[in-house]
Each structure stands twice: as C-alpha cells, then as structure tokens.
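Colleague: Chains as they are written, first to last, in our numbering: chain G, 974 to 1108; chain H, 974 to 1108; chain Y, 974 to 1108; chain C, 974 to 1108.
By construction, these hints were calculated from the structure, which means they are not laboratory data. Some clues are possibly wrong.
[What the hints assert, rightly or not] In silico DSSO-like links for lysine-lysine, alpha-carbon gap of 30 Å or less:
{"hint": "1", "chain 1": "H", "residue 1": "1032", "chain 2": "H", "residue 2": "1095"}
{"hint": "2", "chain 1": "C", "residue 1": "1018", "chain 2": "H", "residue 2": "1046"}
{"hint": "3", "chain 1": "H", "residue 1": "1046", "chain 2": "C", "residue 2": "1032"}
{"hint": "4", "chain 1": "Y", "residue 1": "1095", "chain 2": "Y", "residue 2": "1032"}
{"hint": "5", "chain 1": "G", "residue 1": "1018", "chain 2": "C", "residue 2": "1095"}
{"hint": "6", "chain 1": "Y", "residue 1": "1095", "chain 2": "H", "residue 2": "1018"}
{"hint": "7", "chain 1": "C", "residue 1": "1032", "chain 2": "H", "residue 2": "1032"}
{"hint": "8", "chain 1": "H", "residue 1": "1018", "chain 2": "H", "residue 2": "1075"}
{"hint": "9", "chain 1": "C", "residue 1": "1018", "chain 2": "Y", "residue 2": "1075"}
{"hint": "10", "chain 1": "G", "residue 1": "1095", "chain 2": "Y", "residue 2": "1075"}
{"hint": "11", "chain 1": "G", "residue 1": "1075", "chain 2": "G", "residue 2": "1032"}
{"hint": "12", "chain 1": "Y", "residue 1": "1018", "chain 2": "C", "residue 2": "1046"}
{"hint": "13", "chain 1": "C", "residue 1": "1095", "chain 2": "Y", "residue 2": "1018"}
{"hint": "14", "chain 1": "G", "residue 1": "1075", "chain 2": "Y", "residue 2": "1032"}
[As the list claims (entries may be wrong)] Over 12 Å on every C-beta distance to chain Y, these chain C residues come out as not near it, computed from the model:
{"hint": "15", "residue": "976"}
{"hint": "16", "residue": "1032"}
{"hint": "17", "residue": "1038"}
{"hint": "18", "residue": "1042"}
{"hint": "19", "residue": "1048"}
{"hint": "20", "residue": "1056"}
{"hint": "21", "residue": "1057"}
{"hint": "22", "residue": "1064"}
{"hint": "23", "residue": "1068"}
{"hint": "24", "residue": "1075"}
{"hint": "25", "residue": "1079"}
{"hint": "26", "residue": "1083"}
{"hint": "27", "residue": "1090"}
{"hint": "28", "residue": "1092"}
Think of the CB as a built atom: it goes at the ideal place given N, C-alpha and C, for glycine as much as any other residue.
Number of protein chains: 4
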Amino acid sequence: MPISYDRTVHFADTDAAGVVFFANYLAICHEAYEESLSASGIDLKAFFADHGIVIPIVKCEADYRRPLSCGDKLRVTVQPALLAEDSYEIRFEITRLGTSAKSAARVRTEHVCIDSGTRARKALPGPLSAWVRAG
Amino acid sequence: MPISYDRTVHFADTDAAGVVFFANYLAICHEAYEESLSASGIDLKAFFADHGIVIPIVKCEADYRRPLSCGDKLRVTVQPALLAEDSYEIRFEITRLGTSAKSAARVRTEHVCIDSGTRARKALPGPLSAWVRAG
Amino acid sequence: MPISYDRTVHFADTDAAGVVFFANYLAICHEAYEESLSASGIDLKAFFADHGIVIPIVKCEADYRRPLSCGDKLRVTVQPALLAEDSYEIRFEITRLGTSAKSAARVRTEHVCIDSGTRARKALPGPLSAWVRAG
Amino acid sequence: MPISYDRTVHFADTDAAGVVFFANYLAICHEAYEESLSASGIDLKAFFADHGIVIPIVKCEADYRRPLSCGDKLRVTVQPALLAEDSYEIRFEITRLGTSAKSAARVRTEHVCIDSGTRARKALPGPLSAWVRAG
Chain G
974 MPISYDRTVH FADTDAAGVV FFANYLAICH EAYEESLSAS GIDLKAFFAD HGIVIPIVKC
1034 EADYRRPLSC GDKLRVTVQP ALLAEDSYEI RFEITRLGTS AKSAARVRTE HVCIDSGTRA
1094 RKALPGPLSA WVRAG
Chain H
974 MPISYDRTVH FADTDAAGVV FFANYLAICH EAYEESLSAS GIDLKAFFAD HGIVIPIVKC
1034 EADYRRPLSC GDKLRVTVQP ALLAEDSYEI RFEITRLGTS AKSAARVRTE HVCIDSGTRA
1094 RKALPGPLSA WVRAG
Chain Y
974 MPISYDRTVH FADTDAAGVV FFANYLAICH EAYEESLSAS GIDLKAFFAD HGIVIPIVKC
1034 EADYRRPLSC GDKLRVTVQP ALLAEDSYEI RFEITRLGTS AKSAARVRTE HVCIDSGTRA
1094 RKALPGPLSA WVRAG
Chain C
974 MPISYDRTVH FADTDAAGVV FFANYLAICH EAYEESLSAS GIDLKAFFAD HGIVIPIVKC
1034 EADYRRPLSC GDKLRVTVQP ALLAEDSYEI RFEITRLGTS AKSAARVRTE HVCIDSGTRA
1094 RKALPGPLSA WVRAG
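Hey, can you work out the whole structure from these sequences and the hints?
Modeller: Rendered as structure tokens:
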C-alpha cells in the first residue's frame, strides 16, 4: 500500500521561471519519505544522523511532466521496494490536485545501507526493513 | 487574532551542524505567511508574481533561541500590523511543540508595496490591507 | 570540449548527515550550466525568464559516488549534446579535487524547448543551439 | 580590513518574483563568512561540525535595498568584531557590481560560542578569536 503525503508548493520552492526548481521536486519527495518513515515509528533525528550506519541515496531519476506554481496542492505517493538485503528503491509520484488531478512528476531513488567508517555494505536495520516490506 | 501554521522540520532544512540552518527559519516563517494569505482568499501565484505591483521584504530580524532538528514539530504564529498605508510588518514566533513547548525563534519582517516599474510606493491592495487589519 | 566550473561546498549545501543533500548536487550542476551559458554570451536573466519560449528540464538522473563536505573543492564539467532540433541533454561530472581527485557524481539532464503558452515544441533559439553544438 | 567574496547570483537563489528570495541573501553572506574563515586557515568541515563546542547564530538582521537577478555579479564584504570573549558580530555588505556598483543589502549576524552539551557560554577558540580580531 503506497503511503501518501500532502504538501502545498511554497514560494521558496520556485525560481525565476515562476515554477518549482527542478531539484526541489526531489526535496519534496524526500519530505514524503521522511513522513512515511516517521509514521512507521522511526525517529527521524536518529535515522538521518551518522551513528555508524548511514543509508545514502546512490541514484535518483526524475521525469518532469508539469510545472508547479506557488500555492499548488500536491499529493506525493511513496512506494518502497527491496532490491537486496542492503538496498531498496523508492518510487514517488507527485500529483497536482485540483478539479482534474494531473501527474506532475515521477521520481525514483535508490538507497544503500553502509557502515559509515568502512563504507562496507550492511543489511538494513530491522525497523527500516519492515518499513520497506510494508510499502 | 494571530494565525498559526504547523510544520515538521524536514531533513533539507538542516545543515551539517545537525540542526536547521539559520536562513531556513526565515523560509519557514514565509511559508506561514503564505498559508495565512491563502486562508484569507488571496491567490498566491498571482500575489507573488510581478503584475506591476510587488511587495518586497525590506527588513528582517531574527532572534534564535533553540536549535531545531529533523522531525521536530513546529507551530508558527503570524501577527501582521500596518506601519503605513503602503507598508506592514509581520511578527512570527516559532514554537517547538512537545511535552513542554518552547519558543525556538522570533522573527520580524517589514514589507513595502511598490510599483515594480518605477519603484514608487503604492497603497496596499484592498485584499492585502484587509488581511493585515484582520491579523 | 567540455566546459568546467569550480565551486567550494557551502555549509548551506549540507544536511544533518554532515554531507551535501542529494538534491543539491543537481543545483550545483545547474550553476555550472549557467556559468557555461553565460561564458558563451547568453544573458541569464533573460534566458531563464519566461518570454514566450521556455526550456524546462524534462528528465534528470544522478549517480552519487562520494559524499561531499563543507569546504570541499569541486570541479564540474558540462558536456551538452543535441538530441533533436528542439532538445538537448547535458552530462555533468562532479569531481572532488585534492591530493587525489575523485569522481563524486555523474548527472544527466534533458531539456526541451517549448512555447510557454501552448506547450508546443519549438526549435532551439540560435545562440542556445550554438552553445550546445560547441559543447 | 574587511574581507571580500565575489559571487554570481544563481538561478536556484531566485524565486517566482524573478529575484533572489529574501532568506537567500543570508545564505550568500554565510558563504562569504565561510570563505573568510577558510582563508585564515580554519578547517570548515571541523569548524561547523559539533565537536563539543558550537558557535550558533543567535541574531540576524537584514536591510534589503535592491532586488538581485540571476547572473548578477556580487561582492560581499565581511567585517567581524568582538562583542565579548564568547561572542562576536559580523557586518556584511552585498554590492551589486556593474557599470555603477550599488549596495544591495546590509546584513548583521551575532554569534555566541557555547558548549553543545551544557549550552554554557565558552570563550572563543584561539584561531577563531584571531580571525575576529584580524577582521
């Protein structure tokens, strides 16, 4: 079951072309990821700090379909999937809500769990693995 | 009656000191301003675009009282006041919610309405003036 | 001949994991794109404003290879290529400079020239086409 | 002797009003602060991480005088001054360069050195104190 996150476009997300700056679509998807982790009981402050294990994003891809303006109402769906015992992907879809909802972007990120000292791959911690499997 | 806006601290708000970057407190306050304008019926996309009249921020001040971490729950209050027929200030307070709510920052911004071509001061448009007076 | 852009990692680029936030690699590549356009004589303010023709990014991809910290010295290479008369891609490589320079990320963006009113595809303007061909 | 830092306005600094977002003036000043610290031999990665001592910004103020557009060339001067043995202020001036250089903003930040565990004030570390005194 994908999780969804609602978000209004802020003025700070936009650029001088009048619409959301391309890199900010990724930041918006990351917020949806954070909300979803938090909803599953994971403590965000501890999760994103470096306590020996870190889970960096190693790849991302985005397809931009529609421009987004300040005040637009968005819904972001978050669909994680295991790739291996030490990695997962997340597929995000950003929909612009309104009288006719429209897909505004699709984003995919790939995450690998590593030891922050040695950079060796490590199995996902249990609560994170449970979050991915429940996605 | 001050308006309030609830917001979770996002990972993208933080910096390598582990807490919200000082300039991002101002961006968070601006979001609260946008929500408040929008709640009063002002169309944000039109408001922030340049249609001959613009209302730039000419001053801001911030007192930082507490660090904020990813996942922290915030409440931002927005208290506008007229300074003249062509300008207003907004006082924001950011509170970190939790078992004991704490003031995290106070921010003040000053806004002046001008003609974007001539840079001459102009009286506030009616809906904006009404928003300020209702604050 | 690829164009290169040197940049120091700023504190505001980083997040609470102590390294550059994944979306900010894309913003850094966009700066390199801007510098390269500017060096070829294109006026950035006019280029990025909406004057009837806009050239949005329709896809991007990034491979992240190394974390980047505040103060790191980067070199970004910019390699554009035509995809059609109305579109081009840019391949960026971010290298972390130092005693042994290391590739930190590869990024690819895809750009399409459109009429901002009708969203119909348009041939690239001459100076932009010349920039792509010279890349 | 004030230190100066040159910077081009990036597209990501701007917002849908076509000019630099007000909070980003502060981020630009912080870059100038980083460059100045780095030029005095201070290691930025270690300086901004939390190693028991942190030096948060406790106040900031900005006067905005001119809008800034993508591609504008800026010069930022950095003038630190001791306030006490555990605190200092920095005065920044952002000038838009060109045929007639114009002041675009004045910014002031106030910094206090504290123990990150107890939040008790601490005297500035020697290299930082030397940087402030040389400013």
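Colleague: For a C-alpha distance cap of 30 Å, please report whether residue 1032 (chain C) and residue 1032 (chain H) respect it.
Modeller: Roughly 14 Å separates the two Cα atoms, so the pair holds.
Colleague: Holds or violated: residue 1095 (chain C) with residue 1018 (chain Y), Cα cutoff 30 Å?
Modeller: The given pair, whose Cα atoms are some 46 Å apart, is violated under the 30 Å limit.
Colleague: Measure nothing beyond the straight line between the CA atoms of residue 1095 (chain Y) and residue 1032 (chain Y); if it is 30 Å or shorter, mark the hint as holding.
Modeller: With Cα atoms ~18 Å apart, residue 1095 (chain Y) and residue 1032 (chain Y) stay inside 30 Å; holds.
Colleague: Non-interface claim for residue 1056 (chain C): all C-beta distances to chain Y beyond 12 Å?
Modeller: The claim holds: residue 1056 (chain C) sits with its nearest Cβ about 22 Å from chain Y, beyond 12 Å.
Colleague: Measuring Cβ to Cβ, find out whether residue 1042 (chain C) lies farther than 12 Å from everything in chain Y.
Modeller: Given that some Cβ of chain Y is not farther than 12 Å from that of residue 1042 (chain C), nearest at about 5 Å, it is violated.
Colleague: Verify this label for me: residue 976 (chain C) is non-interface relative to chain Y, using a Cβ-Cβ cutoff of 12 Å.
Modeller: About 15 Å separates residue 976 (chain C) from the closest Cβ of chain Y, which puts it past 12 Å; holds.
Colleague: According to the definition I'm using, a residue is off the interface if its beta carbon is farther than 12 Å from all beta carbons of the partner; does residue 1068 (chain C) meet that for chain Y?
Modeller: The claim holds: residue 1068 (chain C) sits with its nearest Cβ about 18 Å from chain Y, beyond 12 Å.
Colleague: Would you check whether the claim that residue 1083 (chain C) is not at the interface survives, using Cβ distances to chain Y and the 12 Å cut-off?
Modeller: holds, 17 Å
Colleague: Does the claim that residue 1064 (chain C) lies outside the interface with chain Y hold up, using a Cβ gap greater than 12 Å?
Modeller: The assertion about residue 1064 (chain C) holds, with a minimum of 19 Å to chain Y.
Colleague: Does residue 1032 (chain C) lie within 30 Å of residue 1046 (chain H) when you go C-alpha to C-alpha?
Modeller: The given pair, whose Cα atoms are some 22 Å apart, holds under the 30 Å limit.
Colleague: Does residue 1048 (chain C) really sit off the interface, with its C-beta more than 12 Å from all C-beta atoms of chain Y?
Modeller: Correct as stated: the minimum Cβ-Cβ distance to chain Y is 17 Å, above 12 Å.
Colleague: At 12 Å, judged by beta carbons, does residue 1090 (chain C) keep clear of chain Y as stated?
Modeller: holds, 18 Å
When each numbered hint is compared with the structure, violations occur for hints 8, 13, 18.
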